[in-house]
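The sequence shown begins at 1 in the UniProt record's numbering and counts up by one.
Derived from the structure by calculation, the hints contain no laboratory data. Note that the structure is predicted; figures quoted are calculated from it, not measured. From the three backbone atoms N, C-alpha and C, an ideal C-beta is built for every residue, glycine too. A few of these clues could be false.
Claimed, not checked - Here are the simulated DSS-like cross-link-like pairs (lysine-lysine), alpha carbons at most 27 angstroms apart as the crow flies: (1) Lys134 - Lys67; (2) Lys242 - Lys128; (3) Lys67 - Lys11; (4) Lys250 - Lys64; (5) Lys67 - Lys214; (6) Lys11 - Lys64; (7) Lys136 - Lys11; (8) Lys242 - Lys136; (9) Lys241 - Lys214; (10) Lys64 - Lys242; (11) Lys270 - Lys128; (12) Lys270 - Lys64; (13) Lys134 - Lys242; (14) Lys270 - Lys67.
Stated by the list, open to error - Label-pair ranges, simulated between beta-carbon atoms: (15) Leu247 - Glu194: 30 to 36 angstroms; (16) Lys136 - Thr35: 36 to 42 angstroms; (17) Asp283 - Asn32: 44 to 50 angstroms; (18) Arg43 - Arg201: 18 to 24 angstroms.
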Amino acid sequence: MQRQHVSLYIKLFFSVTLISIIMGGLASFFLNSLTLVNDIRLRHSWLLYLLPIGGMITRYCYLKYDKMAAEGVNLVLKRARGHQNRIPIGMLPLALFGTLLTHLLGGSAGREGTSVQMGGAVAEAITKRFGLEKDKRYQRLLMMTGIAAGFSATFGTPLAGTFFAYEAPRYRHLPKIQPLLIIYASFLSNMIGELVGATHRLYPAVNLARISLKNLLSLVILGILAGIVAFLFTFSLTMLKKVYHDLISKPILISAIGAVIFIFIITLFKLEDYQGLSLQLFDRAFSEQSSDWDFLKKLMTTVLTLAAGFQGGEVTPLFEIGASLGNVLVHQGLTLSITTAAACGFIAVFASAANIPITGFIMGIELFGWGILPYLFIVIPISYLISTSRTIYTSQLKPL
1 MQRQHVSLYI KLFFSVTLIS IIMGGLASFF LNSLTLVNDI RLRHSWLLYL
51 LPIGGMITRY CYLKYDKMAA EGVNLVLKRA RGHQNRIPIG MLPLALFGTL
101 LTHLLGGSAG REGTSVQMGG AVAEAITKRF GLEKDKRYQR LLMMTGIAAG
151 FSATFGTPLA GTFFAYEAPR YRHLPKIQPL LIIYASFLSN MIGELVGATH
201 RLYPAVNLAR ISLKNLLSLV ILGILAGIVA FLFTFSLTML KKVYHDLISK
251 PILISAIGAV IFIFIITLFK LEDYQGLSLQ LFDRAFSEQS SDWDFLKKLM
301 TTVLTLAAGF QGGEVTPLFE IGASLGNVLV HQGLTLSITT AAACGFIAVF
351 ASAANIPITG FIMGIELFGW GILPYLFIVI PISYLISTSR TIYTSQLKPL
């Protein structure tokens, strides 16, 4: 019996190591490819007009080769909770190249969703390869390591990746060795990713200022508005998806018509800054005055893109929406510094829209330093309560 336990732990350790190494390499390839396709798009603005064709191609590939994979991150999170439907390996190339196509053709989306899907697909394949799917505890454990590895390597935040893997699936009952293996996966995948060329954006540290009555009031206002914006994002995305599916029977046409509407809005209101990852919004939010409507414009373009079925993630746009909101509120009278308000908005909108407040605290510390923590203790609980139970990860709301 003792020998069997040792053999099992060795197999688990080897499996987690393999998942982490593969995800570190995949994340590096993905991030560098995103940089490349966004550079190409910026040099060739006419690519936007091919977005309807790109949407139809992506939908066709999902319908023909792997319908189940279309559920995306929600399928991965459900699998981490013990859902019986396995994650098809086809999810990996479909999510990867679908996201690159979205960004190449000017859709407004993020990247974390793709990394989590790739992590889930890799974890499923390795779980099956080593015969660990027979015990649901270890199947869930390896799925969570895949989630953690994908998130960590994409954002360069191994501790947040660990907590995301726990908090997002809403599942707790795993083997006692789980924390060590998930932390190990997060740090190893991030290290491998950086070794093979992944780079991550650096943010300014937030210095702890004196907490005055005015600052407390400003933080409360920021928390309330961040919660409202998070609610607006999740509500708009859910409702627009429902409208499309109620009015248009064929998924391929949803992508095509949704893309045409997106192009019309971008062209009519000159919203070219809000295509792709829109990383310049971070620079504006942390260093100068953002446009009063930056956060709403990014929210609208992202909702239009994702509701039409294009691949990508929600997290990076949520970061930008929150940071831009914080910047604008400072110029409307909040007594916080620009960097403090932008950083708090960045974390609060993300944590509330994704229903993962603990991950928000950890990510705030990793990205902005310990100085932000007292501010987050005020902003996140308020925004989380205001945003209600709505979430970008709808699988959190459904019992298995």
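Compare the distance between the alpha carbons of Lys64 and Lys242 with 27 angstroms, and conclude whether the hinted pair is satisfied. holds, 23 angstroms
Within a Cα-Cα threshold of 27 angstroms, do Lys242 and Lys136 meet the stated pairing? violated, 34 angstroms
Given the range 44 to 50 angstroms, decide if the beta-carbon distance of Asp283 to Asn32 lies inside it. violated, 20 angstroms
Could you grab the alpha-carbon distance between Lys250 and Lys64 and see if it respects the 27 angstroms cut-off? Judged against 27 angstroms, a Cα distance of about 14 angstroms means the pair holds.
Take a quick look at whether Lys134 and Lys242 sit within 27 angstroms of each other, Cα to Cα. violated, 37 angstroms
Going straight from one Cα to the other, do Lys270 and Lys64 come out at no more than 27 angstroms? Given pair Lys270, Lys64 is violated - Cα atoms ~36 angstroms apart, limit 27 angstroms.
Within a Cα-Cα threshold of 27 angstroms, do Lys270 and Lys67 meet the stated pairing? Violated, at about 35 angstroms.
Quickly compare the C-alpha distance for Lys11 and Lys64 to 27 angstroms and report which way the hint goes. Violated. Lys11 to Lys64 sits at ~35 angstroms, over the 27 angstroms cutoff.
Under the criterion that the straight-line Cα-Cα distance not exceed 27 angstroms, is the pair Lys270, Lys128 satisfied? Violated: Lys270 and Lys128 sit about 49 angstroms apart, past 27 angstroms.
Check whether the Cα positions of Lys134 and Lys67 lie no farther apart than 27 angstroms. holds, 25 angstroms
Is 18 to 24 angstroms a correct range for the gap between the Cβ atoms of Arg43 and Arg201? Hint holds: Cβ distance 22 angstroms, inside 18 to 24 angstroms.
Between Lys242 and Lys128, is the straight-line Cα distance small enough, at 27 angstroms or below? It is violated: about 35 angstroms lies between the C-alpha atoms, which goes past 27 angstroms.
When the structure is compared with the earlier hints, violations turn up for hints 2, 3, 5, 6, 8, 9, 11, 12, 13, 14, 15, 17 and for no others.
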